[in-house]
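K.L.:
Here the protein sequences line up with chains A and B, keeping their order.
First residue of the first sequence: 1, per this note's numbering; consecutive thereafter.
First residue of the second sequence: 1, per this note's numbering; consecutive thereafter.
Be aware that a few hints might be false.
[Stated by the list, open to error] With a straight-line cut-off of 30 Å between C-alpha atoms, the simulated BS3-like cross-links for lysine-lysine are:
1. B:68 with B:109
2. B:106 with B:68
3. A:13 with B:106
4. B:113 with B:61
5. B:61 with B:109
6. A:57 with B:109
7. A:57 with A:13
8. B:106 with B:61
9. B:106 with A:57
Because the hints were derived from the structure by calculation, they are not lab data.
Computed from a predicted model, the values in this text were never measured in an experiment.
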Amino acid sequence: KAGVTQTPRYLIKTRGQQVTLSCSPISGHRSVSWYQQTPGQGLQFLFEYFSETQRNKGNFPGRFSGRQFSNSRSEMNVSTLELGDSALYLCASSLVGIVVRNTEAFFGQGTRLTVV
Amino acid sequence: AQSVTQPDIHITVSEGASLELRCNYSYGATPYLFWYVQSPGQGLQLLLKYFSGDTLVQGIKGFEAEFKRSQSSFNLRKPSVHWSDAAEYFCAVSIGGSQGNLIFGKGTKLSVKP
Chain A
1 KAGVTQTPRY
11 LIKTRGQQVT
21 LSCSPISGHR
31 SVSWYQQTPG
41 QGLQFLFEYF
51 SETQRNKGNF
61 PGRFSGRQFS
71 NSRSEMNVST
81 LELGDSALYL
91 CASSLVGIVV
101 RNTEAFFGQG
111 TRLTVV
Chain B
1 AQSVTQPDIH
11 ITVSEGASLE
21 LRCNYSYGAT
31 PYLFWYVQSP
41 GQGLQLLLKY
51 FSGDTLVQGI
61 KGFEAEFKRS
71 QSSFNLRKPS
81 VHWSDAAEYF
91 CAVSIGGSQG
101 NLIFGKGTKL
111 SVKP
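With the hints as extra help, turn the sequences into a complete structure.
P.N.:
Encoded structure:
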């Protein structure tokens with residue numbers, strides 16, 4: 001079956017612009033999470049959605065937002081881009097969103113965002 | 001506060017040698033713990049997870065990890081490393097039992113010498 005698909009894979013934006021990243025989870029998965037990965041801060045949790053509702057949110061400014069659609073696809077938006085927003089943004093999907101024995105979260109390959 | 005510490009930033013081992021990657025966690029309740037691997041330009045792949053029960057957990061690609069509550073550790077081991085194991089390895093703890101809300105360590109980069 002198809003894995004988690006993130007589009008686009010690479011993106012270059014200018015400071016002050018906004019950007020929207022997309023994540024299509026594995027078919028049947030209802031939970032989608034987003035992470036930011038940078039060399040300095042490592043992997044940091046942004047937010048988690050389940051059945052179109054934001055269930056958890058990390059410690060990021062309000063410029064970072066997201067949503068989930070009825071088909072479980074998710075988008076995240078970053079407004080007023082800053083140089084420090086340059087990062088690999090990873091999306092993960094899981095069946096139910098809670099840790100149970102025989103399920104796991106699957107990660108996409110990420111979107112590499114460069115802000116210039 | 002919850003946290004995950006991976007003390008080793010970079011480890012180099014010879015092919016065929018054994019490997020142990022260290023992970024210490026801080027979490028108030030019974031933790032759900034994970035090890036992920038990331039190859040360059042790729043996303044994360046789950047190697048194994050501690051859910052409950054047996055403290056020695058078997059994973060994919062010949063990896064295993066041992067959960068030691070008394071030491072707040074979840075170290076990853078492999079008896080014989082292959083060149084294809086070169087990658088970055090991340091330990092993580094679940095917050096509140098969420099599969100999607102994980103706190104990650106800073107990662108350990110593994111290099112393998114021929």
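K.L.:
Work down the list of hints and note, for each, if the structure agrees.
P.N.:
Outcome of the hint check:
no.	hint	in the structure
1	B:68 with B:109	holds (23 Å)
2	B:106 with B:68	holds (20 Å)
3	A:13 with B:106	holds (27 Å)
4	B:113 with B:61	holds (19 Å)
5	B:61 with B:109	holds (17 Å)
6	A:57 with B:109	holds (28 Å)
7	A:57 with A:13	holds (25 Å)
8	B:106 with B:61	holds (22 Å)
9	B:106 with A:57	holds (20 Å)
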